[in-house]
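**Q** Residue numbers (numbering that gives the first Met the number 0), protein chains in the order written: chain R, 0 to 510; chain Y, 0 to 331.
Among these hints, one or two may not hold up.
[Unchecked claim] Only pairs whose alpha carbons sit at most 25 Å apart, straight line, appear in this in silico DMTMM-like list of lysine to aspartate or glutamate: (1) Y:Lys268 / R:Glu120; (2) R:Lys124 / Y:Glu190; (3) Y:Lys193 / R:Glu178; (4) Y:Lys191 / R:Asp166; (5) Y:Lys268 / R:Asp217; (6) R:Lys109 / Y:Glu251; (7) Y:Lys193 / R:Glu115; (8) Y:Lys193 / R:Glu140; (9) Y:Lys191 / R:Glu141.
Source of the hints: derived by calculation from the structure; they are not laboratory data.
Next come the chains, spelled out residue by residue.
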Amino acid sequence: MSKEAILRFKGATKRFGKFTAVDHVDLEVHNKEIVSIIGENGAGKSTLCKMLTGVYSIDEGEMYFEGKKVEFHNTTESMKAGIMMVYQERNLVGMLTGAQNICLGNEPKKGGLIQEKEAYEKALKIREQLHLLTPLNIPVEELGAGEQQLIEIMRAFYTNPKVLILDEPTASLGEGEIEPFLSFIKEVRDTMDIAIIFISHKIEELFAVSDRIVVLTDGKNTLTDKVENVTQVQVIQSMLRTGKSYGRIPVPEKDFNSLPTVLKVDKAIYDGKEHKLNFEVHKGEVAGFYGLVGSGRTECVEMLYGLRNAEKSYTFNGETITKNKTSTMIEKGMIVTPEKRANGIFKSLSLIDNICNLFLAKHLAGKYAGVVNRKLSRSFADKILKESDVKYNSPNQQISSLSGGNIQKIVIGRSVAIDNIQLLILDEPTNGIDIGAKFEIYQQIRTLTDTEQEEKRVGVILISSELDELLNVCDSIYVFANGDIIQGFRRAEFNKKDILSVAVRGKRVNE
Amino acid sequence: MSRENHIRKNKGLKENAPRFFLLIAFIVITLVFQIMQPNFLNITNVMNLLAHSSIIGILACGNMILMAAGEMSFSVGAQCTVAGALFGWVLAKESSNSILLALVFAMVIAAMIGLVLAFFTVKLKVPTFVCTLAMGTVLDGFTQILTGGSTLHSSNWPPMLTIMQKKIGGVFPLPIIVFLIIAVITHIIYEKTKPGRHLYAVGSNPTAANNVGISVPKVKVWAFAISGTFCGIAGVTAVSYNNSVSLTLGGEYLMPAIAATMLSATFLKLGKYNVPGTVLAAVLMIVIQNGVVNAGYPIYVKDIVQGILLTVAVAIIVLIKEDGLPSVKLEN
C-alpha cells in the first residue's frame with residue numbers, strides 16, 4: 000500500500016493461559032477505508048478489537064498508530080488517541096435524550112453547569128455532518144433500534160475519531176434497516192477522514208460494504224485481500240478450520256426412515272416473527288444444530304422446552320404439542336442441558352444433591368412430608384456417577400471442585416435418568432472443556448443413541464458452534480441463520496464448506 | 000432509516016396519569032385529613048408538618064443521590080442518628096461546647112461512614128443490602144453508647160443548639176429553610192451538572208457509562224460520601240429542632256426516607272428519581288403521620304398507609320418501565 004496506515008498491528012498475539020486467542024495477526028487500516036473482519040464464533044474477532052482499544056494488553060507483537068508505536072492500557076487512552084468503538088450491545092442511557100447521550104462523559108459546561116443548548120448544537124452539527132435526521136431532543140428509549148444505533152455512531156464522532164470500530168453493527172437491526180445503514184457507512188467513509196473497521200459474520204454484508212476483507216480462523220489471519228480480488232467461496236474456504244484432531248467417533252449407519260420419529264417441527268412464531276424450523280429427530284439419531292451467534296438455535300430449543308413464549312404446534316413422541324410448560328415437557332421425556340454449565344448445576348452443593356434435586360419430586364423424597372431419603376439418594380447418585388464414568392473423590396464433594404468435563408458428564412447422566420426419556424437436547428455441551436474430555440462426552444452421547452437395547456435409545460439434539468464436532472458426532476446437521484433453519488444435511492451429504500457457507504450466507508446451497 | 004422525521008409517540012391519558020400519581024395521592028390524602036379535622040390545614044400545623052418533613056426530606060435527598068447511582072442503603076436512619084448523637088455528645092462535654100467544632104466533627108464522621116460503606120460495597124463488592132443492614136446495627140449500637148442508652152439531653156448544651164426551633168419572620172421554622180437550600184442545590188447538581196449526569200448514567204446503565212470513560216466506582220464512592228454527609232445534616236438538624244437525641248430517631252426515619260426517594264420516581268419523570276418528587280413525597284410521608292395521629296388513630300396506622308402507598312407506587316413504575324429503576328433493577 001502506498002499510503003501510510005493509520006493503524007497497524009504487527010504479529011499481534013493474545014494468550015489466555017494455554018489458549019492462543021489471537022495468533023500473530025498483521026492488520027493494516029488506512030484512512031477512507033472500510034476493513035472488514037470476518038470469522039466464526041470464537042475466531043478471535045472480539046479479542047482483536049479489545050486489543051485495539053486497550054481492554055486487553057498485547058502479549059506479543061506491536062501496534063502502530065499514525066506511524067508511532069503505541070500501547071494502550073485502557074479505553075480512555077485509546078479514545079483519546081482517536082480510536083472509537085461502537086459496541087454490539089446498546090450503550091445508551093434510556094431516559095436521556097440523543098444529544099445528552101452523545102455528549103455523555105464530555106458534556107460542555109460553564110460554571111459547573113452543563114450547557115444543554117451547546118451540547119444539543121454540537122450533536123446537531125455531527126448529525127448534519129453525517130447527513131442524518133435522527134431526533135436528538137427526545138429520550139432515546141423512545142427511538143427504534145436502528146436510530147439508537149445511529150445515536151451511538153454519532154457519539155463516536157463527538158471527539159473526531161480517526162478509527163471507528165463497529166462490532167456487529169447490523170445484529171440489532173431489522174431487515175429493512177440494514178441496507179440503508181450500509182450505504183450510510185459507505186457515505187461516512189467517502190465524506191469523512193476516517194478509517195472504519197467493520198466486524199460481522201454475515202458475508203453478503205461484508206462484500207457490500209468493505210474495501211478489504213480480513214479473515215480470522217482460530218485466531219490466525221488466513222486471508223487478507225481487497226474485496227474485488229476475492230470471491231465469497233474463497234472467503235468461506237479460508238474460514239474453515241484446519242480441523243483439530245479429535246479422534247473419529249464410530250457412527251453406525253442407520254435407516255432413519257424405518258425408525259420412530261421423536262420430534263417433528265415445522266414452524267413456530269416467537270419474538271414477533273414466524274420461524275421456519277423444518278426438521279425431525281428420530282430415535283437413535285443425533286441431530287446437530289449449527290449456526291453463528293444469534294442465529295436462533297437456542298431460541299428454537301427454548302420454544303420446544305416451554306421457556307419461550309411462542310405460537311407453535313409440533314409433534315413430540317406422537318403427541319401434538321401447542322402449549323407447554325417445562326415441567327410437563329420433562330414428564331413427557333424431553334430435557335435440555337443449558338448453554339452455560341453454571342446454569343445446570345448448584346455450584347456449592349454436593350454431587351449427590353446436584354444429581355438428586357431433579358428427582359426429589361418423585362422417588363427420592365418419600366411419601367411422608369417429602370422428607371428426602373438420604374440412603375436412596377446416595378445409591379441413586381452412585382449409580383449415575385458410575386454409569387457416566389465420572390472421576391470424583393466422594394459423592395459428598397462440592398460439584399464446583401470437579402473439572403468442566405466431569406460436571407458435564409454428571410449433567411448429561413442425570414438428565415437422561417429421567418423417567419421416559421425420549422429426547423435429550425444439549426446446548427454447547429463441550430464449551431470450554433479440553434479435547435480428551437470432549438471425546439468422552441461424544442462417546443457418552445453416542446452410547447445413548449446406539450445402545451444395543453433398542454428400546455432404550457433416545458434422540459439427541461446437539462447444539463454447537465464447532466462444526467468439526469458436529470461433523471464428527473452427528474447423523475444430521477441443521478443449519479440456522481436469522482432464526483430459521485436454512486438447510487438440513489444427512490451424514491452422507493456432510494460437507495464442511497457447504498455447511499459453513501449456508502451459515503454465513505443464510506442461503507441454501509444446491510445439493 | 001432516519002431519512003424522515005421521527006414522529007413522537009402521542010401520549011394518552013394512560014401514559015400521562017401515572018406521572019401525577021404522587022400529586023394526586025398527595026391532594027387526596029390531604030383533603031381526607033382536612034375533612035376529618037378542619038384544623039388540619041391551619042398555619043401552625045402546616046408549619047409543624049413542614050418542619051418535620053424537612054428532616055425526612057434532607058435524608059431522602061441524600062438517599063436519592065445514592066439510589067440514583069444504583070445503590071440502596073438501609074442504614075440512612077442509623078447514620079442520621081449517630082451523627083446527631085455525636086453532635087450532642089461533643090457538646091455535652093464541658094471542655095468542648097463549641098457548636099462549630101461539634102458540627103464539623105459530626106459531619107466528618109458522617110461522611111466517613113459513607114466512605115466505609117463505599118469501601119465494603121464498591122471495593123470489596125459486598126452486596127450493599129447486607130452491608131448497610133449490618134452497618135445500621137453497628138451504628139445503632141454506637142448511638143446507645145454515646146447517649147448512655149436513653150434520650151440524650153444535657154444542661155451543658157449551649158442555647159445556640161436549639162437554633163432550628165427559631166422561626167424566620169415568626170412563621171417559617173428554620174429547618175424548612177435548610178431543607179429548601181439543600182433541595183435546590185441537590186436539584187441543580189443532579190439535573191444540571193456533569194457529576195449529576197454521570198451519577199444518573201452510572202445508576203441506569205453502568206456499562207454505557209464505563210464505555211464513555213466515566214469511572215463507575217469513583218462515582219459510587221462519591222455518592223456514598225455525599226449521602227453520608229446528608230445523613231449527618233439531617234441528624235444535626237433533628238437534634239437541634241427536638242432539643243434532644245432520641246434513640247428511635249433513625250428507625251422512624253428510615254422507611255419514610257427510602258419511601259420518599261422511591262415515590263419521587265412516580266412524579267413528573269417516570270422512572271427517574273428526582274428532587275421535586277422527593278420533596279413532595281417527604282412532605283406526604285409526614286402528612287400521613289401527622290394526620291393519623293391528629294385524627295386520633297394509633298400511630299401504627301401511618302405505617303400501614305405509608306407501606307401501601309409505597310407498594311402501589313413501585314408497582315406503577317414496574318408496570319410502565321420495562322427496565323425498572325436504578326438500584327431496583329428488574330430481571331428481563
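**Q** Does each hint hold? Answer for all of them.
**A** Hints versus structure:
1. The suggested pairing of Lys268 (chain Y) with Glu120 (chain R) holds, with an alpha-carbon distance near 24 Å, which does not exceed 25 Å.
2. Restraint check for Lys124 (chain R) and Glu190 (chain Y): satisfied, since their Cα atoms lie roughly 24 Å apart, inside the 25 Å limit.
3. Restraint check for Lys193 (chain Y) and Glu178 (chain R): not satisfied, since their Cα atoms lie roughly 37 Å apart, outside the 25 Å limit.
4. The suggested pairing of Lys191 (chain Y) with Asp166 (chain R) is violated, with an alpha-carbon distance near 33 Å, which exceeds 25 Å.
5. For the given pair, Lys268 (chain Y) sits about 49 Å from Asp217 (chain R) by alpha-carbon distance, which is inconsistent with the 25 Å threshold.
6. For the suggested pair Lys109 (chain R) and Glu251 (chain Y), the alpha carbons sit about 41 Å apart, so the restraint of at most 25 Å is broken.
7. The hinted pair formed by Lys193 (chain Y) and Glu115 (chain R) meets the criterion: a straight-line CA distance of about 11 Å does not exceed 25 Å.
8. With a C-alpha separation of about 21 Å, the suggested pair Lys193 (chain Y) and Glu140 (chain R) falls inside the 25 Å cut-off, and the hint holds.
9. Distance check on the hinted pair: Lys191 (chain Y) and Glu141 (chain R) sit about 22 Å apart at the alpha-carbon level, within 25 Å; holds.
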